[in-house]
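There are 2 protein chains.
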Amino acid sequence: KSWTSNTRKNFAVALLLTTVGLLMGFLAAYLDIAVEWLSDLKFGVCNMAVFLNWATCCEGTSSLDTCSTFSRWSTTLQLQNIFSGWSATVDFLLYCVISLIYTCIGAILVITLAPYAAGSGIPEVKAILNGVVMKGFLSSLTFIVKMLGVSLAVAAGLSAGKEGPYVHLGCCLCALLCSFFPLIRHDGRLYRELLACASAAGVAVAFGAPVGGVLFSLEEVSTYFSSQVLWHAFYCAFVAAMTLKVMNPYYNGKTVIFEIPSNLPWNWFEIVFFALTGAVGGILGTVFIRTNLLWMKLKEKHGFFKRHPIGEILLVTLGTCVLFYFSDFLSGSNSEILTSLFNECSDDTQELDDIAKRNEAYLCSIKNSKYVALALLVGTFLKLFTAVITFGIKLPTGIFIPSLTVGGLCGRLIGVLVKGAVTKYPKFALFRECLLSSSCVSPAIYAVTGAAAMLGGVTRVSVSLVVIMMELTNGLHYLLPIMIAVLVSKWVGDVLHVDSIYELYIKIKRYPYLRSNPPNENSRTGWISVRSIMHTPVVCITSNSFRLSDLERLITEYKYWNFPIITSFEENAIVGSVSREAIAFVLGLCHRDNLASRDPRVHFSPPSHLSNLHEAYSILNTNSSSLEDFALELGSIMDFFTLTIPDNTPVVKVIEAFQNTGARVGWLLNGGKLSGVISKKDIIQFMDTMSS
Amino acid sequence: KSWTSNTRKNFAVALLLTTVGLLMGFLAAYLDIAVEWLSDLKFGVCNMAVFLNWATCCEGTSSLDTCSTFSRWSTTLQLQNIFSGWSATVDFLLYCVISLIYTCIGAILVITLAPYAAGSGIPEVKAILNGVVMKGFLSSLTFIVKMLGVSLAVAAGLSAGKEGPYVHLGCCLCALLCSFFPLIRHDGRLYRELLACASAAGVAVAFGAPVGGVLFSLEEVSTYFSSQVLWHAFYCAFVAAMTLKVMNPYYNGKTVIFEIPSNLPWNWFEIVFFALTGAVGGILGTVFIRTNLLWMKLKEKHGFFKRHPIGEILLVTLGTCVLFYFSDFLSGSNSEILTSLFNECSDDTQELDDIAKRNEAYLCSIKNSKYVALALLVGTFLKLFTAVITFGIKLPTGIFIPSLTVGGLCGRLIGVLVKGAVTKYPKFALFRECLLSSSCVSPAIYAVTGAAAMLGGVTRVSVSLVVIMMELTNGLHYLLPIMIAVLVSKWVGDVLHVDSIYELYIKIKRYPYLRSNPPNENSRTGWISVRSIMHTPVVCITSNSFRLSDLERLITEYKYWNFPIITSFEENAIVGSVSREAIAFVLGLCHRDNLASRDPRVHFSPPSHLSNLHEAYSILNTNSSSLEDFALELGSIMDFFTLTIPDNTPVVKVIEAFQNTGARVGWLLNGGKLSGVISKKDIIQFMDTMSS
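In order, the protein sequences belong to chains A and B. Residues in the first sequence are numbered consecutively from 1, following this note's numbering. Residues in the second sequence are numbered consecutively from 693, following this note's numbering.
Hints are supplied without guarantee of correctness; some may be wrong.
To be verified - Calculated cross-link-like contacts (lysine-lysine; reagent style DSBU-like; alpha-carbon spacing at most 35 Å):
#, chain 1, residue 1, chain 2, residue 2
1, B, Lys989, A, Lys680
2, B, Lys1251, B, Lys1199
3, B, Lys1373, A, Lys245
4, A, Lys135, A, Lys681
5, A, Lys9, A, Lys135
6, A, Lys673, B, Lys937
7, B, Lys1119, A, Lys559
8, B, Lys701, B, Lys998
9, B, Lys701, A, Lys680
10, B, Lys991, B, Lys1251
11, A, Lys370, A, Lys509
12, A, Lys681, B, Lys701
13, B, Lys991, B, Lys1119
14, A, Lys507, B, Lys827
15, B, Lys1372, B, Lys1201
16, A, Lys424, A, Lys507
17, B, Lys1251, B, Lys1365
18, B, Lys827, A, Lys673
19, B, Lys989, B, Lys827
20, A, Lys301, A, Lys673
21, B, Lys1372, B, Lys1119
22, A, Lys680, B, Lys998
23, B, Lys1251, A, Lys673
24, B, Lys989, B, Lys1201
25, B, Lys998, A, Lys9
26, B, Lys1119, A, Lys427
27, A, Lys9, B, Lys1373
28, A, Lys245, B, Lys1116
29, A, Lys9, B, Lys1119
30, A, Lys135, A, Lys297
31, A, Lys673, B, Lys991
32, B, Lys1372, A, Lys424
33, A, Lys9, B, Lys1199
34, B, Lys1373, B, Lys989
35, A, Lys680, B, Lys1372
36, B, Lys1201, A, Lys509
37, B, Lys1062, B, Lys1199
38, A, Lys681, B, Lys1365
39, A, Lys681, B, Lys937
40, B, Lys827, B, Lys1251
Quick caveat, the hints were computed from the structure, so don't treat them as lab data. Small disclaimer: the values here were computed from a predicted structure and weren't measured.
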């Protein structure tokens, strides 16, 4: 019987991973199409069919104005007769109004239905994988609201990406599917492992990078990661990426919205400047994190935006529309900007579409390279500014794409400057390599390294970022420049002592997240005995003298999450612990089976066979030998492995023990007797006081 | 003071990682050059300078026979006059003799100086990272012998690679360098993390694949891997790969001895056949592991080779020479064979050198495709056979390259067959895609997927293998075929229930390695109480009534690795534990400082500040207030975190606890009192009985 149970579990896991992968692929394809359609709807509508986007509606034509099948709103609504001569203004106003409607709908959905859908969701997923319980974060309502909200937010043209939220969406999907498999749902560790796999699938579809997704899940999202998870995550990410590729949402075989051309040549002397983009990316990432924190604190202090979150969102949307609508090359979506930044200037602009051509004409004007540099500089700051005010609003917004855009702009700026310097001083010793090659210094490569460095600076990941960029650039040609940039960015971040944006949000939102890096051992406060911060006395359950009613009274009277089980009140020796949830669960069953009225005694003794929750009830029933006086055996809901620590241990050592074991609560012993308790939350609080 | 200690540690780690990376790069370059020179020395010698290899000596010429500067031994030694007409035979005999001399020297070095240098070393590194202590495995003597031995074994033409041993060499280097930093050497966890980084650097230089190396270390070698290690390993692997690239050992900018051409086209219908290569690779991997095990058992049973390991080596060498010397395309080294297998047939054979041209002519003869297939089939079996008898001899031999060769041969065979089928039945529904493209089915891609699948079947890795192949093939073009092949190979292996070759060797050599996969819960024996297999009574130390002489007596009398510290013999409550090593260390210091003669009392109380071994002595000295009666405070050598478990817990739950905490010993409690002890070794023994 237990053999089949194991096989069934394995089969369930395989089925679940396949389904999550497939659904993530479909979801990403749906979101890609929906966002494009919604974005185009801000400008006008297709005359042939409302649900066609600009590119499909106007196939063959190269510009919005020469396309007869797609008409601007002023034309569709026949407003040009009323406001003759003002149709451009009318179009702009309608553009703004539609954007505002999008974000307003999104905000109302999020605020009224699913507050957890706001933000990227990665900090929360990180916390959940760390063992934090967050009710409703992975519910189906959150999933639907997040899906709709993210398409609206991105389509509205905010400095927001849909790539980060994919991680949350993947985890929601996985949690929903898990609820069909009780075997998995009740195995906390396996459940968290599957969530890690779903995160990997999320990043995999976000960047068309299955291996990078797995590594991101490992490096940034997960707390524990065994090699078994690696394999599961890889399978799930692979299925997701393949599904997306087969769905082909952009009709060009690509899975990512922006393209990076491969095989632009680079010279060895440029390594110095790639490192420079890395340093600048690291600094910009830090600036983003710090100013975002400042902005959050400012909002908290003045409270206006806190009371009116929709007002904040509308202001941010309006600001973004006004700032970028009239700009030459910043008016497109972030993906379009990235595509043009990553494209090298060439004479052959035939294949490019309208916006790309205009951007390219702008970015590649050799005569006005000073103006190009200035535009890139201004663009960097505007995009950084909008990213800062956007991240943290009550809409589902990711930070991947805005970071890439800011970094790309800044990197391209450095590239343009280097190219200018090489053109001006061709005989400078460092540039000598250039004399040999016909075309030297491609600003596009600098845009790529700058984007990677900035993303690294914001998320503080390194290895996974390199792999994601490797998969994005479709090869190893830029491996060295990207590695250099990411390494330098990481160093700069380490020197500036910043947390990643995700860890910052975990801290701000006070999730009980225990970091795996060692505590700062130099503080003498860490060396006080844990006895001085423990909670005592402890509410205990004895292993064989309690009755069912005692348990019921216990969980109504005390709000603790865990209760220790001791041999007897005299001996006071801990044998295990039991969670509040498990007690409530068993009590519910007893009420259902009309056992509670007889108030039987309860025993906690170690199980003699494979325990799963089903067998807990079977024992419960078989034990009723006499009708009047019988006991319930609850050993199967008991946790044997409890972290027990002598209560005179220094706190830093206790922190280490919590980090190493992943325990949520530690029982403190004095001469073998239970003397106190300390929870993960206490530990985190103590670590905060230590670091401040 | 403690601040500087932390900074110093970080600085030491950075310095160490950089040095290991640099040295691994140099080492790999040295080995590449040494092996090529030694290999060519089997055929003849360069007239210009003895230390030049064939390629350098004969630059510009395309064949050994047309090269005037490099002469065969029969010519050099002027033997053609004596044995006129027999010079080919003389050359063959000299070839064999030189090979035998190589392996003989290698074997003598290994057997007399460093027995641990034999084999690939990966099983042992795995065991060390799992917490096993293996004295001498990472010594400088082992390093030197392994370095020399691996060049001799590969140069002798054995079915052995130098890529696996790089992992061991990297770890040796790391351990040697660590001995200069006592701060690191005494931090067991950090030390093992650095060894994991060195393993990553080893694989990185083996395949020029820094990211793949990191993943291999994570997936196959390491037991625990935090995201901090990921970053360190990545840095170390990156430095190593870059150093190797700058060293440029092959004078062509490549870091790997075999090349894989990129961007051969493949069609969707071929996915089926790529999956087939995967399945065959998985099966061949299993066959390799099983026959190698059988061969080992056979050797064990008959004992002849056990008594005469050098005899075995000489026989294997002679057999390999005779089998492959006269073959048309198997006579080259494994790397040469792989290069020709991975190369697609083309009309342009101008750029290829002598051997590659001959192989290509052979592999690409369209008329005799039946003979080609037969040759590939025979080649697969011969290479598999030699790989089986070679892996396990007392020489440093890796299994990566032989696996790739067998898989490549077999994959190419499938490719040739598929191509034949497509040519014969062009109108078969499945092949319809081919009618559209000019050239259809490249057997070279099948060789790549087959090689990956076979390596996956032998080592049971998946994600890291895909990344390594991605880095080897220099792009994502073959990502899907490789992924399919590796996935199928993994599934086949899972269905056949095989361990990786490394885990097999860990089992055979009985290293106390605790696997992280969950125990087989269906066995009822796992549900007996741990009390029935624990050791009792336990030899204890009390926390404040022992004297120094008692400790000394204890470690001479009992050979245990750990001693528990209890409050008193009456109370019998555990407060921590202390290792035999730490006691011996402190005893040594006491003897040095002439404290032992006064036989002071020893106290074990928790430290009140940052403990490192230096501070252990300072307490030792300051405590001596009165000359006659003083006590030593040894709290800093005590381990507070001991795994304590109630002794009525089922064994499967105890196994889980060991796996989760990484503990080496568990103390069993009965009502809070210490009642017994169980070690990791006991647990492993029990798991073995459970599975059998």
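Taking the hints in turn, this is what the structure says about them:
no.: 1; hint: B/Lys989 to A/Lys680; result: 51 Å, violated
no.: 2; hint: B/Lys1251 to B/Lys1199; result: 24 Å, holds
no.: 3; hint: B/Lys1373 to A/Lys245; result: 49 Å, violated
no.: 4; hint: A/Lys135 to A/Lys681; result: 17 Å, holds
no.: 5; hint: A/Lys9 to A/Lys135; result: 25 Å, holds
no.: 6; hint: A/Lys673 to B/Lys937; result: 61 Å, violated
no.: 7; hint: B/Lys1119 to A/Lys559; result: 73 Å, violated
no.: 8; hint: B/Lys701 to B/Lys998; result: 46 Å, violated
no.: 9; hint: B/Lys701 to A/Lys680; result: 28 Å, holds
no.: 10; hint: B/Lys991 to B/Lys1251; result: 33 Å, holds
no.: 11; hint: A/Lys370 to A/Lys509; result: 44 Å, violated
no.: 12; hint: A/Lys681 to B/Lys701; result: 29 Å, holds
no.: 13; hint: B/Lys991 to B/Lys1119; result: 53 Å, violated
no.: 14; hint: A/Lys507 to B/Lys827; result: 45 Å, violated
no.: 15; hint: B/Lys1372 to B/Lys1201; result: 16 Å, holds
no.: 16; hint: A/Lys424 to A/Lys507; result: 49 Å, violated
no.: 17; hint: B/Lys1251 to B/Lys1365; result: 23 Å, holds
no.: 18; hint: B/Lys827 to A/Lys673; result: 40 Å, violated
no.: 19; hint: B/Lys989 to B/Lys827; result: 26 Å, holds
no.: 20; hint: A/Lys301 to A/Lys673; result: 48 Å, violated
no.: 21; hint: B/Lys1372 to B/Lys1119; result: 62 Å, violated
no.: 22; hint: A/Lys680 to B/Lys998; result: 55 Å, violated
no.: 23; hint: B/Lys1251 to A/Lys673; result: 30 Å, holds
no.: 24; hint: B/Lys989 to B/Lys1201; result: 12 Å, holds
no.: 25; hint: B/Lys998 to A/Lys9; result: 45 Å, violated
no.: 26; hint: B/Lys1119 to A/Lys427; result: 63 Å, violated
no.: 27; hint: A/Lys9 to B/Lys1373; result: 29 Å, holds
no.: 28; hint: A/Lys245 to B/Lys1116; result: 32 Å, holds
no.: 29; hint: A/Lys9 to B/Lys1119; result: 44 Å, violated
no.: 30; hint: A/Lys135 to A/Lys297; result: 26 Å, holds
no.: 31; hint: A/Lys673 to B/Lys991; result: 56 Å, violated
no.: 32; hint: B/Lys1372 to A/Lys424; result: 69 Å, violated
no.: 33; hint: A/Lys9 to B/Lys1199; result: 27 Å, holds
no.: 34; hint: B/Lys1373 to B/Lys989; result: 23 Å, holds
no.: 35; hint: A/Lys680 to B/Lys1372; result: 28 Å, holds
no.: 36; hint: B/Lys1201 to A/Lys509; result: 51 Å, violated
no.: 37; hint: B/Lys1062 to B/Lys1199; result: 43 Å, violated
no.: 38; hint: A/Lys681 to B/Lys1365; result: 29 Å, holds
no.: 39; hint: A/Lys681 to B/Lys937; result: 49 Å, violated
no.: 40; hint: B/Lys827 to B/Lys1251; result: 17 Å, holds
Consistency with the previously given hints fails for numbers 1, 3, 6, 7, 8, 11, 13, 14, 16, 18, 20, 21, 22, 25, 26, 29, 31, 32, 36, 37, 39, ordered from lowest to highest.
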